[in-house]
Amino acid sequence: GAVVSQHPSRVICKSGTSVKIECRSLDFQATTMFWYRQFPKKSLMLMATSNEGSKATYEQGVEKDKFLINHASLTLSTLTVTSAHPEDSSFYICSASPLSQTDTQYFGPGTRLTVL
Amino acid sequence: DAKTTQPTSMDCAEGRAANLPCNHSTISGNEYVYWYRQIHSQGPQYIIHGLKNNETNEMASLIITEDRKSSTLILPHATLRDTAVYYCIPNSGGSNYKLTFGKGTLLTVNP
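Protein chains in written order, with our numbering: chain A, 1 to 116; chain B, 1 to 111.
Hints listed in this document are in silico derivations from the structure and should not be mistaken for laboratory results.
There's no promise every hint is true.
Derived pair list, reagent style DSBU-like, types lysine-lysine, alpha-carbon separation capped at 35 Å [what the hints assert, rightly or not]:
#, chain 1, residue 1, chain 2, residue 2
1, B, LYS3, B, LYS69
2, B, LYS3, A, LYS64
3, A, LYS66, A, LYS42
4, A, LYS14, B, LYS103
5, A, LYS41, A, LYS14
6, B, LYS103, B, LYS52
7, B, LYS3, A, LYS42
8, A, LYS66, B, LYS98
9, B, LYS3, A, LYS41
Some, not all, of what chain B presents toward chain A, calculated at C-beta under 10 Å [said to hold, decoys possible]:
#, residue
10, GLN38
11, GLN42
12, TYR46
13, HIS49
14, VAL85
15, ASN91
16, TYR97
17, LYS98
18, LEU99
19, PHE101
20, GLY104
Since the structure is predicted, the reported quantities are computational estimates derived from the model, not experimental observations.
For glycine and all other residues, C-beta sits at the position ideal for the given N, C-alpha and C.
All chains should be built: construct the whole structure from the sequences, respecting the hints.
See below:
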């Protein structure tokens, strides 16, 4: 149980385009989902906390207009990187906390974004 | 959140127990100790967490000192697939809690 999926697993795009990444909790409902970013050889950094049906809370230094988060249901959150640039190339990872187990986060497999 | 100190890296022979230490001397009374691991190019995986008492599950055991200033994660019979970066994260848990990942310990299990 407690499986989180992400799609796509890898994406390559041209500079200036937008990319949408989906995060789904497959076998549980999640009120809260989290989005992290990880640069090479660095640790995960939290970008934003997303609650179903409400606006996401962004961490300091993360541009909310660039990284659009939508959490429309208890099993799906999306992250859209708008007008992507090479410096946005990174490993994007989501996590979700089950309603029945809010003290534990389960992570997706990650999405590798490369912006040319 | 409390700060943590973990060894940068450790080695372990396959089949042996891997003992990963973590110092968290500034941990608050309401903070649990969470352990996650990240295999290369994958998302982190939850391992175990505890507050005061020692905990055990199918993956590992967690030993927390009585003063709660340090803990040890034990993988009883390490396999090659246990090679990963292990993170010790004190956190109060609950909804909307944020995990702060440090540098962790790179555990390499050798054949």
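Outcome of the hint check:
1. B/LYS3 - B/LYS69: holds, 11 Å
2. B/LYS3 - A/LYS64: holds, 28 Å
3. A/LYS66 - A/LYS42: holds, 22 Å
4. A/LYS14 - B/LYS103: This hinted pair holds, its Cα atoms lying about 32 Å apart.
5. A/LYS41 - A/LYS14: holds, 24 Å
6. B/LYS103 - B/LYS52: Within the cut-off at roughly 24 Å; holds.
7. B/LYS3 - A/LYS42: holds, 17 Å
8. A/LYS66 - B/LYS98: Since the Cα atoms of A/LYS66 and B/LYS98 sit roughly 21 Å apart, the hinted pair holds (cutoff 35 Å).
9. B/LYS3 - A/LYS41: Since the Cα atoms of B/LYS3 and A/LYS41 sit roughly 20 Å apart, the hinted pair holds (cutoff 35 Å).
10. GLN38: B/GLN38 check passes; min Cβ-Cβ to chain A is 8 Å, inside 10 Å.
11. GLN42: holds, 6 Å
12. TYR46: For B/TYR46, the interface hint holds, since the closest Cβ of chain A sits about 6 Å away, which is under 10 Å.
13. HIS49: OK, holds: B/HIS49 within 10 Å of chain A, min 7 Å.
14. VAL85: Holds - the Cβ of B/VAL85 comes within 10 Å of chain A, reaching about 8 Å at its closest.
15. ASN91: holds, 8 Å
16. TYR97: This hint holds: B/TYR97 lies near chain A, its Cβ roughly 7 Å from the closest one there, short of 10 Å.
17. LYS98: holds, 6 Å
18. LEU99: Since chain A brings a Cβ to about 6 Å from B/LEU99, closer than 10 Å, the hint holds.
19. PHE101: holds, 4 Å
20. GLY104: holds, 7 Å
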